[in-house]
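All chains should be built: construct the whole structure from the sequences, respecting the hints.
Residue numbers (UniProt numbering): 1 to 391.
Hints are computed from structural coordinates only; laboratory data are not their basis. The beta carbon of each residue, even a glycine, is placed where N, CA and C say it ideally should be. Do not rely on the hints blindly, as some may be mistaken.
Pairwise CB distance ranges, derived in the manner of DEER restraints [what the hints assert, rightly or not]:
| hint | residue 1 | residue 2 | range |
| --- | --- | --- | --- |
| 1 | 202 | 173 | 23 to 31 Å |
| 2 | 218 | 193 | 19 to 27 Å |
| 3 | 17 | 109 | 41 to 49 Å |
| 4 | 238 | 263 | 17 to 25 Å |
| 5 | 143 | 77 | 38 to 46 Å |
| 6 | 33 | 107 | 19 to 27 Å |
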Amino acid sequence: MNMSQQFFPSQHVSGLSTVQIEQFGQRIDEIRQRIILDLGEKDARYIRKIRNFVRYSEAGARTLLTFAAWLPPVWLAATALLGVSKIVENMELGHNVMHGQFDWLNDQSLNGSRYDWDTIATGDDWRYCHNYIHHTYTNIVGQDHDVGYGLLRVSQAQPWEVRFIWNIPLAIQLMLFFEWYVGLQNLHLEDVMVYKRKTWSAVWQQSAGVRRKALRQVLKDYVFFPAISGINAPAVFTANFTANIIRNIWASAVIFTGHFTEQAQTFSQVPNGEESRAEWYIRQILGSSNFTGAQWLHILSGNLSHQIEHHLFPDLPANRYAEIAPEIEALCQEYGLYYNQANFAKQFLGVWQRLAEHALPDDLSISETAALLLKRSGQGLVRRFKARWRN
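Here is the structure:
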């Protein structure tokens, strides 16, 4: 299925005129303005409850691990609690605060430009790579690095390369070590390792910030907390590692279902200045996916279960997305725009179907692809043999 399309003004939505597109944008703006005027104590209480949950759950989990990690039931419960704490800190607290959703509170601990979260990625790198690049150029191949993270092929607009045969296993290890990939994302390591457009010395110079942050995170989770735990050190080390893996898998699953589902569209590059705000709104809707579920699922996902609403209003408090979502869905139906929403299992399965589909060249079958790979492997062996023979 080709979900990539050219995206130029008034051409991306069949049947909508330029006037209708701008009217749609005005309706979206009205929803945004209404929510802004309604922000207040309810929103402040919500985010402070989330912040307190993160603080107390981490403290409780680490205390249990420090003094009783040698007991298997305690280790299991405390590790799970620490994993949940890290998830909520990254997803519902850190990600949303760093979007500036609560800057209006004038609380320095909830200020988007100052907050730094419990993960490898620095706050500054995230604010540039995610808040600016991803949210400005959402799903535009060649501009939004989140389209495959330089590692995966998720669109026909990405030229097929032999390495994409490994789409599925690469996606699995991307999920396992997601915080490291996100932390290094701004370095575009594929430009060094695959395309040879960049040198390792340049990477070293650009990576000073993330190297400092990574060292701090590693020392905290794998040196400091095990060290103060005495004989429980090995159990604390493995608990911290497991909690990080739990967080990585869940965070990546949520993000994948936000943009890699079967019906989420990708776009060709848009010339600068040729996209109106209303058209930007429509691109955000067509390139994003929601999933349904209980309130606890929305909190654990950082309310990215409402990915469409988040991409329309990234700086509005995420606890308001559930309130806004029915209006956005109704507006999409009114204007004939596809509102991509299903339960989590269906959306997540769609991600893997899409990854499997784009692992192969668009115009070749599995058998033809296998023959192509064998041919290329044989040619490579011949070249190496000739090179050795000449030497």
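Hint check:
{"no.": "1", "hint": "202 <-> 173: 23 to 31 Å", "verdict": "holds, 25 Å"}
{"no.": "2", "hint": "218 <-> 193: 19 to 27 Å", "verdict": "holds, 22 Å"}
{"no.": "3", "hint": "17 <-> 109: 41 to 49 Å", "verdict": "holds, 47 Å"}
{"no.": "4", "hint": "238 <-> 263: 17 to 25 Å", "verdict": "violated, 40 Å"}
{"no.": "5", "hint": "143 <-> 77: 38 to 46 Å", "verdict": "holds, 44 Å"}
{"no.": "6", "hint": "33 <-> 107: 19 to 27 Å", "verdict": "holds, 23 Å"}
Comparing the model with each earlier hint shows a violation of hint 4 alone; every other hint is respected.
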